[in-house]
Amino acid sequence: MSGVQGALVHHGRSREIEGDVVALEPAMGDSTLLTVRVPSAVAAEIRPGRFFDILCRPDGSSDPLLRRPYSVFASDPARAELQFLVRPYGRGSAWLARRRRGDVLDLLGPLGNAYTLDPGARHLLMVAGGVGVAPLVLLAREAVASGRNVVFLLGAADASGLLAAGHLPSAVEYVVATDDGSKGHRGFVTDLVPDYVRWADQVFACGPEPMYRSLRNGLLPLRIGNRPRVQVSMEREMACGLGACLGCVVETKRGMRTSCVEGPVFDMDDVRW
Amino acid sequence: MTTMWKGPSRVPEPEDPPGPDLSVDLAPGNPRELRLTNPVIAASGCFGYGLEYAGVIDVQTLGAFVSKGITRRPRSGNPMPRIAETPAGMLNAIGLQNPGIAGLIRKYPRIWETWRVPAIVNISAESVEEYAEMAAILDEQPGIAGIEVNVSCPNVARGGYCFGWDPGMSAEVTAAVRAATTLPLLVKLSPGAVDIVSVALAVEEAGADAVSLINTLVGMAIDTRRRRPVLANATGGLSGPAIKPVALRMVYQVAGSVRIPVVGMGGISSTEDALEFLMAGASAIEIGTAIFVQPSLPLEVIAGLEVWMRAQGVENLGEVVGAAHPAGIPLRRSHAQVAS
Ligand SMILES: Cc1cc2nc3c(=O)[nH]c(=O)nc-3n(C[C@H](O)[C@H](O)[C@H](O)COP(=O)(O)OP(=O)(O)OC[C@H]3O[C@@H](n4cnc5c(N)ncnc54)[C@H](O)[C@@H]3O)c2cc1C
Ligand SMILES: Cc1cc2nc3c(=O)[nH]c(=O)nc-3n(C[C@H](O)[C@H](O)[C@H](O)COP(=O)(O)O)c2cc1C
Ligand code: FES
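Protein chains in written order, with the numbering used here: chain A, 950 to 1222; chain B, 1029 to 1368.
Calculated from the structure, these hints are not laboratory results. These numbers were taken from a predicted model, which means no experiment stands behind them. Ideal Cβ positions, reconstructed from N, Cα and C, are used throughout, including at glycine. Any given hint could turn out to be false.
Coverage of chain B stretches by chain A, computed from C-beta distances (three or more under 8 Å per stretch; other residues unrestricted) [said to hold, decoys possible]:
hint	region
1	1071 to 1082
2	1318 to 1327
Computed list of chain A residues with no C-beta within reach of chain B, every gap over 12 Å [to be verified]:
hint	residue
3	LEU982
4	HIS1116
5	CYS1189
Residues on chain B that point at chain A, a partial pick, calculated with CB under 10 Å [what the hints assert, rightly or not]:
hint	residue
6	GLY1105
7	ARG1110
8	PRO1354
9	ALA1355
10	ILE1357
11	LEU1359
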């Protein structure tokens, strides 16, 4: 390593805040869409890809100890509300999904960097695996609002695990894949990517790391030079969320980078796969 | 609901009655002193270089903070995964990722120099000479209030046996660092020592101004699905509430023996926890893992101690230090002595 660590990056002030749970609704299979009221200044600082580190345990308990990162699915500064899509996985997410209206959550954030839209990019391809849809839904909304064309690809195990189309702006072309073929393409979401590579000015992905590997394998032979550029959100277990513990690093061609401050969004070509 | 940080802690008004005295000197035997306005310190590896938290909490209010462990040369650290959550605790095997002492000096002292909060630099090395060399470099820097020597490191000249497990090796490091700098010197003890009290006595004899303890306990976790250790490094350091009883016992034993100030840590997550360590004999405390969970916690503990002291009629924190020892602890000069 060069020894020079990345300069401290600030994407806006993060802080410990209280959020009131105002609604919970089932969404995307067994996941829960959680609506939280926060100070409106906080909601205004949201960019697609940024996340909050949420304390997922009752007051006075030390277990599970660490906060859990959740991407912002939607933000409404006018109503001072944020939405998170929570997939039940282990103890933290299960606790979060059991919250009730009126409960108060302890959130740290907003944290991390964001996906960036190139000013000249007209055609955007978004590739989501499972709960990885969360930051891309926010990005798709923003992209459509700025007059861009979006193709949104989503993969899930079966039809019940897909996001209802109503969550996406109607101008988005929404294409799905399921492992069992119960809806859309039978197979991986990344199988669909080659059809759009030549069309896309930029690609944005969020999902598990194996999805990124197959996305990359499919893309590399089809790209012209390094076009289209690809941004991926890297999932890491995190302790501090603020660049202090160095527990969440991603190995890049420029050295170790924290995924909580210098990520979670990285250029695919910067990451050492 | 835990009270969360909503802004800088209240600035005392001129008409306020004099508040209780939370100040402490961690190097009373050293002309350079290590005076803190309160006994709450952010622990090494859990607070970056201070800047990481500067936008989130009022860092200047802390008693002090300790930097991430620095080595002679830059290190890129261990492969991932580096952390794993365990019951009421966590394992870490970061592998001392740091920019090296030259990288630290290029960037931080000129920032810390402008800060009110004392910055303590934590150093790690694999030979006695390296420790001394780093101490000599730090001695000439502005903005550095003290050095914390992490002896939980393998001694390459002794086949990788940990310095901190052996009184002789710990004393050798301490003496070499002492000879290289007049800066206040904390030696951070390893809970892996066979007899931590004899290590503490040895480093006191070798010139440490204070001891801090405990560093993490070596542990591991296994992913049964993959039939492999969770951490890429297989083993890692256990920290957090899970280690508190062990840490408290060690602080109690060490404080009962040495005459230099003791800085206690290990799982502290509340004012109550901090008081336990003070009563065990710590003159000050460090908070590590709990900061990850609640960045405002150190400020809450400072405020909590003050509230507790007022309620108990305690004017000087020195009255509480070692209170849990039935026969008292050796006299130390970390707090202004009050006539009782
Ligand atoms: C930047 C970022 C954004 C995220 N956004 C979302 C989001 O919008 N919605 C959402 O539902 N989740 C999201 N996650 C994942 C989330 O933070 C938690 O990891 C997840 O909810 C599981 O936590 P848990 O406490 O339920 O599981 P745990 O109890 O932590 O999990 C049980 C076991 O599974 C392992 N494990 C935990 N998480 C994963 C994982 N993701 N992959 C593989 N193994 C794992 C753990 O090591 C543990 O051994 C995000 C993660 C990151 C880093
Ligand atoms: C992620 C992490 C990194 C750490 N890095 C260092 C280090 O570089 N040097 C050091 O002396 N101690 C290091 N420690 C140990 C802490 O400073 C502290 O001694 C220990 O974690 C116990 O306190 P806690 O339970 O409050 O965290 C680290 C701890 C953690 C959790
Ligand atoms: S989670 Fe601590 S550095 Fe990223």
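Residue hint ARG1110 of chain B, partner chain A, criterion CB-CB below 10 Å: 5 Å, holds
Restraint: PRO1354 of chain B near chain A, CB-CB cut 10 Å. Satisfied or not? PRO1354 of chain B check fails; min Cβ-Cβ to chain A is 30 Å, beyond 10 Å.
Agreement of hint ALA1355 of chain B with chain A interface, Cβ distance less than 10 Å: 33 Å, violated
Using a Cβ cutoff of 8 Å, are there at least 3 residues of the region 1071 to 1082 of chain B near chain A, or does the coverage claim fail? Satisfied; 7 residues make the cut.
Restraint: GLY1105 of chain B near chain A, CB-CB cut 10 Å. Satisfied or not? Because about 6 Å separates GLY1105 of chain B from the closest Cβ in chain A, which is inside the 10 Å limit, the hint holds.
Closest CB-CB distance from CYS1189 of chain A to chain B, is it above 12 Å? 4 Å, violated
Does the CB of ILE1357 of chain B sit less than 10 Å away from some CB of chain A? 29 Å, violated
Quick check for students: does the CB of LEU982 of chain A sit more than 12 Å from each CB in chain B? LEU982 of chain A clear of chain B: closest Cβ-Cβ about 24 Å, beyond 12 Å.
Cβ contact check, 8 Å cutoff: the region 1318 to 1327 of chain B against chain A, three residues minimum: Since three or more residues must qualify, the claim that chain A covers the region 1318 to 1327 of chain B holds, with 6 doing so at under 8 Å.
Report holds if the minimum CB distance from HIS1116 of chain A to chain B is greater than 12 Å, and violated otherwise. Holds: least Cβ distance 31 Å, greater than 12 Å.
Evaluation of the interface hint that places LEU1359 of chain B against chain A, nearest CB under 10 Å: 36 Å, violated
Hint compliance for this structure: hints 5, 8, 9, 10, 11 are not met, and every other hint is.
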